[in-house]
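**Q** Fit chain Z to the known structure of chain P by using the hints.
Protein chains: 2
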Amino acid sequence: MADFLTKKEDNYAQWYNDLVIKADLAENSAVRGCMVIKPYGYAIWEKAQAELDKLFKATGHVNAYFPLFIPKSFFAKEADHVEGFAKECAVVTHYRLKNSEDGKGIEVDPDAKLEEELIVRPTSETIIWNTYKNWIQSYRDLPLLINQWANVVRWEMRTRLFLRTAEFLWQEGHTAHATREEAEEETKTIIDLYAYFAEKFMGIPVLKGFKSDAEKFAGAIDTYAIEALMQDGKALQAGTSHFLGQNFAKAFDVQFTDKSGKLEHVWSTSWGVSTRLMGALVMAHGDNNGLVLPPNLAPIQVVIVPIYKGNSQLDSISQTALKIKSELEAKGLSVKYDDRDTHKPGFKFAEYELKGVPLRLAIGPRDIENGTIELARRDTLSKETIAIDKVTDYAVKLMKEIQENIYNKSLQFRNDNSYTVDSWEEFKESINNRGGFIYAHWDGSAETEERIKNETKATIRVIPVGNNNEEGKCVYSGKPSKQRVVFAKAY
Amino acid sequence: MADFLTKKEDNYAQWYNDLVIKADLAENSAVRGCMVIKPYGYAIWEKAQAELDKLFKATGHVNAYFPLFIPKSFFAKEADHVEGFAKECAVVTHYRLKNSEDGKGIEVDPDAKLEEELIVRPTSETIIWNTYKNWIQSYRDLPLLINQWANVVRWEMRTRLFLRTAEFLWQEGHTAHATREEAEEETKTIIDLYAYFAEKFMGIPVLKGFKSDAEKFAGAIDTYAIEALMQDGKALQAGTSHFLGQNFAKAFDVQFTDKSGKLEHVWSTSWGVSTRLMGALVMAHGDNNGLVLPPNLAPIQVVIVPIYKGNSQLDSISQTALKIKSELEAKGLSVKYDDRDTHKPGFKFAEYELKGVPLRLAIGPRDIENGTIELARRDTLSKETIAIDKVTDYAVKLMKEIQENIYNKSLQFRNDNSYTVDSWEEFKESINNRGGFIYAHWDGSAETEERIKNETKATIRVIPVGNNNEEGKCVYSGKPSKQRVVFAKAY
Chain P
25 MADFLTKKED NYAQWYNDLV IKADLAENSA VRGCMVIKPY GYAIWEKAQA ELDKLFKATG
85 HVNAYFPLFI PKSFFAKEAD HVEGFAKECA VVTHYRLKNS EDGKGIEVDP DAKLEEELIV
145 RPTSETIIWN TYKNWIQSYR DLPLLINQWA NVVRWEMRTR LFLRTAEFLW QEGHTAHATR
205 EEAEEETKTI IDLYAYFAEK FMGIPVLKGF KSDAEKFAGA IDTYAIEALM QDGKALQAGT
265 SHFLGQNFAK AFDVQFTDKS GKLEHVWSTS WGVSTRLMGA LVMAHGDNNG LVLPPNLAPI
325 QVVIVPIYKG NSQLDSISQT ALKIKSELEA KGLSVKYDDR DTHKPGFKFA EYELKGVPLR
385 LAIGPRDIEN GTIELARRDT LSKETIAIDK VTDYAVKLMK EIQENIYNKS LQFRNDNSYT
445 VDSWEEFKES INNRGGFIYA HWDGSAETEE RIKNETKATI RVIPVGNNNE EGKCVYSGKP
505 SKQRVVFAKA Y
Chain Z
25 MADFLTKKED NYAQWYNDLV IKADLAENSA VRGCMVIKPY GYAIWEKAQA ELDKLFKATG
85 HVNAYFPLFI PKSFFAKEAD HVEGFAKECA VVTHYRLKNS EDGKGIEVDP DAKLEEELIV
145 RPTSETIIWN TYKNWIQSYR DLPLLINQWA NVVRWEMRTR LFLRTAEFLW QEGHTAHATR
205 EEAEEETKTI IDLYAYFAEK FMGIPVLKGF KSDAEKFAGA IDTYAIEALM QDGKALQAGT
265 SHFLGQNFAK AFDVQFTDKS GKLEHVWSTS WGVSTRLMGA LVMAHGDNNG LVLPPNLAPI
325 QVVIVPIYKG NSQLDSISQT ALKIKSELEA KGLSVKYDDR DTHKPGFKFA EYELKGVPLR
385 LAIGPRDIEN GTIELARRDT LSKETIAIDK VTDYAVKLMK EIQENIYNKS LQFRNDNSYT
445 VDSWEEFKES INNRGGFIYA HWDGSAETEE RIKNETKATI RVIPVGNNNE EGKCVYSGKP
505 SKQRVVFAKA Y
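Protein sequence lines correspond, in order, to chains P and Z.
Using the working numbering, the letters of the first sequence map in sequence onto residues 25 to 515.
Using the working numbering, the letters of the second sequence map in sequence onto residues 25 to 515.
Next up, chain P with everything else stripped away, as it sits in the complex:
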C-alpha cells in the first residue's frame, strides 16, 4: 500500500498529493479548483468542527447563517476590503437557463440577467455588517458574538487539495463590541483558542503573533495568526483573528448609543479557520507509510484485525475481538473491527497505516491460547504483545501518550528548524538550504519586507507576541529594529 506513495524526501509536494488521495481524504472534482471531500476526510473535519464549536460556545459564541451571495456594491464600501477580496471571485449574473434553440442542450437565458451581479461570498464581513446595522442600536445589543460554518469561494488560479481550493469550508466569526478594548480582547481570546485547538487536538505547535501590514487581512487594523511548520520547512498559516477597528461599522454605518447616550461606531473582529487545517494535519505528521492522525481527531482510534485460517478460528477470535471492542467503546474510544474476508492481514495493516489509525490490535489463534494481543502504534511504528485483560486500560493510556508524542515530535522538529540569524548572507543561506522559521531583525518597513520576499520568497510569518523586544539591526537594511520577527517560506 505504502509503495504507492511517492517518498516524502523525493518529492514532498507529490507525497502530499498522493497521500491526500490514497488515504481517501479528498480528490479533485470535475469543477476546476473545487474538491470533493471524501467520507474519511470529512470524518476528520467533522471531529475538528465539533471540538472547535464546543470551544466557541464555551467562550459565549453562538452560530447563525448568512446568505451565500453578496451584492457586488457591498464590496465597494470598504476600500481595502474590495482590493483584497472582490477581484478573483465567482460572479452570478443570471438566474435562469433555457433550452437551446438547436434543442440539444441548455443555455443561459439572456432575459434573466440580474440588475446587480451577486458575488459568491469569499468572506462575509460585508453582508454581515449590512445585517448587523439592523440588529444594533444600543449598548444593550452588544456584544454580538456570532460564528457561521459555511462554504466560501475564492477563484484561485493554482489550487492544491485542502491547501488552496476555489471552494473551501470554514467557520467565520464576526463580533461586534462597544469598545476598542473589548474587541481587541476578543481578537486575542480567539487566537489563543485557535492555538489551543492546534496544539491539543491537531498535535501541532504554533507560533502566535501579528501579521505585518503587507500580510494582514484586507480591511483589518491588526491580524493575529497562528503559524505551523511543515516537515519540508515551510510555514502554514493555520488560523487568523482580525481586529477590524471601526472599519466595517463605518462602511455600513453601524452606530450604537452608548451608556452616556452618545452615538458611536461599533468595534469589530472577524476570525476563521478552514479545511486548510486538513492540509496541515497531513503535512505536519505524515510519513512514508501514510497519515499519522492524533487520537483526538482520528475517526477510528483503534482498529482490531483478526489473523486466522478458516471460519472456526475466526469465530473464536471474533468473540474476543468484539468483547475488546465493546470495552474500548465503553471507555469512549472509537473502534473498528475489520473482519473482511476479502483482504489479508498484511493488506489491512498497510491500509490502516496509510489512514493513520493511531493504534492497531492484532489477534491470532496463538494469542487466544496465550491470552495475549499484539499492539502496534502508528506514531512510532513499534509493536508489543500484552495480556488481553490489560488491553483496555492500556489502550486508553496510549491514546493520551500518542497524542502527546505526536505533539512533542512536531515541537522537536520546529525547535530543530528554528534559527536565529543576524546577517543577510546567513539569512539567504538558511532560507535556501534549510527552510524553517528564521528569527531575524527587520526594520519595520514594507520596502524591506518586499525586497526580502523578492530575493528569497521568504515572508514575515508573524511578529511574535510577548517577545522580549531585544533591539538590533535589520538583517537586510542594517537599520534599527525593535524586535526579531519570524520569516519563512510559506504555503
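Keep in mind that the hints were calculated from the coordinates and are not lab data.
On a predicted model such as this, the values are computed, not experimentally measured, just so you know.
It cannot be assumed that every hint is accurate.
No distinction is drawn between identical chains; accordingly, a pair holds when it is met within one copy or between any pair of copies.
As the list claims (entries may be wrong) - Each computed DSS-like pair below joins lysine-lysine, with the alpha-carbon atoms no more than 30 angstroms apart: (1) Lys-283 / Lys-333; (2) Lys-355 / Lys-224; (3) Lys-32 / Lys-372; (4) Lys-355 / Lys-71; (5) Lys-407 / Lys-78; (6) Lys-81 / Lys-349; (7) Lys-283 / Lys-46.
**A** Here is chain Z on its own, set in the frame of chain P:
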C-alpha cells in the same frame, strides 16, 4: 410582546411571518429571496441536524462534501432532471471583477468569462454521480451510503422565510446499490427515518406515501414523502426519499461488475430534508403567544425567572435558582437563568412564551420562604406551584409529558381535519371551507389530477402506503379507483 403578533385566526400567513421574525428565528436579507437564519433559529436547526445526523449514522451512512458548482452540461444528461432543476437557478458566468473605468466602483471583467457556465447546485445528483463513476467498479464498492449537509439555491420568484427561499440549508443523501431491491429498501428506510424524526423530535405526525407522477422528483422512478398538516388546514411536504432506479447511473455511465462478473448499471436513491422543517415547526405548534417548541428540539428547555425587589432579594433567589439550574443541567436539560435587571418579569414571561421555551420557572421571595416554585408550561399555558426539592425530577418528567402532549395535540388536530369524501360536490366544499386532508378515490390519471388541481388548488399529497386497497370510483371522473389517495392544498 404577544400583542405584536398578528392573530393566527385573522391572517395565518401574516401570523407566521411575524412570528418567525419576532421570535428571532430568521429574517429577509439584502439579497432577494435569501434569508438570514438568526442565532435562536439556527440553534433549533442545529439540534435538528444533530439528531438527524445520529439517525443517519446509526443506519450506516457517512458524510462527505461535494462542490457547490455544477457544470451546466451535467444537467442536460438526465432528461427529466434538466426540466425540473436546471431552469430557475443561479448561474456563474465570470470569475473576476475589476475597477470601473470611472474609478467609482467595481464591475464584471468581460475578459474573465467562463468557458462553461457553472450552476450553483439546486440539488447534487449530477455532480455526485459524475464522481461516483470513479468510485464504483465492482460489487465490492457497493453500497455507497453517503450524505451531505449543504446549502442549495433555487431561484424562486415568491419566497417565504424557511418555507420557500432561494438559498436554503439541507441534507441530501445519495446512495448507490447493486440491486433494485436494496435501493428500494433504502428509500423506505429513509422515509421511515424521516417520519420517526418528525414525530419523535418535532412532535408532528406525518402521513407517509408515494407521490403521483406529477408530484414526484424530476429524475425519480418513485418518490416517497412525509406530509404534515398545518393549523390552517394546508399540507406541508416535510421530507422526500427518491428511488431513482438506474436513471443517474445511465446518465453518467456508472456500471459495476456484479458477483457473476457481469457489467450492470448501479441502482440509486436520493433523499433530503431542509430548513423548511423550521417552517413546519412554527406552523404546526405555534399559537397567538408565539412559538411552542417541543422539548426535544428546544435550545432552551427550561428558563428560570427571578421575581425580586432589590439586590438582597435577588441574591437569595439567585442562590436557589442557580442550584436548581445545575441540578437540571446534571439531568441533561438545557437551562437559562435570566437575571437581567433591564427587564421586568412580565416582559420576560412574554418573551419566553414568544420563543416557545417549554417550561418556565419563577421564584420570588415568598417562594424562598415557603420552599416553593412556580412552574408554567408553554404548551398548555397552565401554572402550578410545587415544592422546590421536587422541581428537578418533576421538570424532567414534564419534558417527556410536554413532548408527548405537543404530538398528541397535533395528531388530534390532524384527525379532526381528515375527511373521507365520496362526491365531487363534497370534495369541493370540503377543500374550500375546511381544508385538511381529504381521502378520496382517484382514477390514477394525470389529467384528472390536473383538473382537480385547476379547479380547487388541491393536489395529491400522498398515495398512502399500506392502505387497505379499498376499491371505489374516482371522486372527479367516476372511473374505477384502486385506493383512496390524500388530497390537500399545500405549501
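**Q** None of the hints should be skipped; say for each whether it holds.
**A** These are the hints, each one checked on the structure:
1. Lys-283 / Lys-333: between (78 angstroms within a copy, 23 angstroms between copies)
2. Lys-355 / Lys-224: both (20 angstroms within a copy, 29 angstroms between copies)
3. Lys-32 / Lys-372: Only inside one copy: Lys-32 and Lys-372 sit 22 angstroms apart there, 62 angstroms across copies, limit 30 angstroms.
4. Lys-355 / Lys-71: Classified as both; 18 angstroms inside a copy, 25 angstroms across copies.
5. Lys-407 / Lys-78: Neither, since 35 angstroms and 35 angstroms both go past 30 angstroms.
6. Lys-81 / Lys-349: between (32 angstroms within a copy, 18 angstroms between copies)
7. Lys-283 / Lys-46: Classified as between; 25 angstroms across copies, 59 angstroms inside a copy.
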